[in-house]
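Participant: Residue-level listing of the chains:
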Amino acid sequence: MAVANIQVSETPLVLYALRRADDALILGHRLSEWCGHAPMLEEDMALSNIALDLIGQARELYSYAAKVEGNDNDEDKLAYLRDVRQYRNLLLVEQPNGDFAQTLVRQFFYSAFADLYWRAMMNSRDATLAAIAAKSEKESAYHLRHASEWIIRLGDGTDESHARAQGAIEHLWAFTGEMFAVDDGERALIHAGIAIDPGSLRGRWLQTLSDVVNEATLVLPQNDWMQQGGRTGRHSEHLGHLLSELQSMQRTFPGLTW
Amino acid sequence: MVRVLDCDSDLRRRAWDAAASVVDPEIPVLTIADLGLLREVVLDGNHVEVAITPTYSGCPAMNMIALEIEVALERAGFHQPKVRTVLSPAWTTDWMSEEGREKLRAYGIAPPQASSSRRALFGAQAVACPQCGSEDTELLSEFGSTSCKALWRCKACREPFDYFKCH
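Chains F and V supply the protein sequences, listed in that same order. Per the numbering used here, residue 1 is the first one in the first sequence, and the count goes up by one each step. Per the numbering used here, residue 1001 is the first one in the second sequence, and the count goes up by one each step.
None of these hints come from the bench; they were simulated from the model. Quick reminder that beta carbons are idealized off the backbone N, C-alpha and C, glycines included. Each hint should be verified, as a subset may be incorrect.
[To be verified] With the C-beta cut set under 7 Å, the calculated list includes, among others, these residues of chain V facing chain F: (1) 1056; (2) 1058; (3) 1087; (4) 1142; (5) 1167.
Start from the sequences and build out the full structure, keeping to the hints where you can.
Facilitator: Spelled out as structure tokens, the structure:
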């Protein structure tokens, strides 16, 4: 296991694409862990389908990051040959699947955001990002509907499913603030019309959450303390374990192709 | 000069026809032209470049389709053809041909409806059963055997069926 990590020149645009690519890859990988284990066949297929969409989005974003960077990197190297501290995803998406409720609440928080985010990004002045956004927003709409229906079913289901869904909401809530945070580099991209300000979506995101959570007879937490760190490479312990599995083939057999 | 132009358009049609003959490996009754995946065929001398667009970002059939296009073009006499993927404008089921929709129905897959109501978060859809035609049907799962399909069931004839989702 001695393959060197690659170095990435993280200009603001490279970092921007890398962050979104990492979100999509890590969440997609998490969902793929359900393949063969979901509570029913339909959900096994649904979660694998969503995983596939997300990994597809990740590939486009990695390829673009590599192209903008202009070095020797490509989508595979970016995914397989960066270590934990080089990953830039949200802490939310690396959280373990837990039970089915936790997986669906995590998906619900993310998809409610991604749906708004990619729709707004379709107006980016960067043609490639706008094209990726146009594909991703269509997929996110399905992901959001799927997760929303499950939140309602679990929340308004049995005492057990209600308690688990409410517990998952409380457990994951502190990881949602990071979706709306921007740093100086990204602020410059927003100013240039390349990125959009995620903060401007927070009101609508909360509205989507409230609508669904109310119908589900669940409640959103009132506390607003938020955990951050993923965007700068400070991750929870869970990401390293995930990467050791995701990267094991390339780390063991460098340059392996199927 | 005229002859050269005629010759070019003839060649281009041959290249288009070769690429358009490739079928979707998951739905072999539909060609990539029926699906609206084939976007462009550019001819430069005897060199061909084909542009295709993915249905869904992660559709695993795309690699296979690209390979099959290359093989089809080689067979038609074009050497070292190139296939590139374009993302914009994003693929929509509105690009599926009428003929394609009919072929899908005959194959047992309900064809996509107009995509206007896609945004409704919990919108009701009426999808006719491809077997018996009844509209008394229900959604089982929005995610089916491939990215582009949902799983439905007909309450009249009790048959489950795939619905090619509008996108």
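Participant: Each hint should be assessed against the structure and marked as holding or not.
Facilitator: Each hint tested on the structure:
The closest approach between the C-beta of residue 1056(V) and any C-beta of chain F is roughly 6 Å, which is under the 7 Å cut-off, so the hint is satisfied. Look at residue 1058(V): its Cβ gets to within about 3 Å of chain F, closer than 7 Å, so that hint holds up. With 7 Å as the threshold, the beta carbon of residue 1087(V) comes within range of chain F, its nearest partner Cβ sitting at about 4 Å, so the hint holds. Taken as an interface hint, residue 1142(V) checks out: its beta carbon lies about 6 Å from the nearest beta carbon of chain F, inside 7 Å.
Hint on residue 1167(V) holds. Least Cβ distance to chain F is approximately 6 Å, under the 7 Å limit.
Hint compliance for this structure: no hint is broken.
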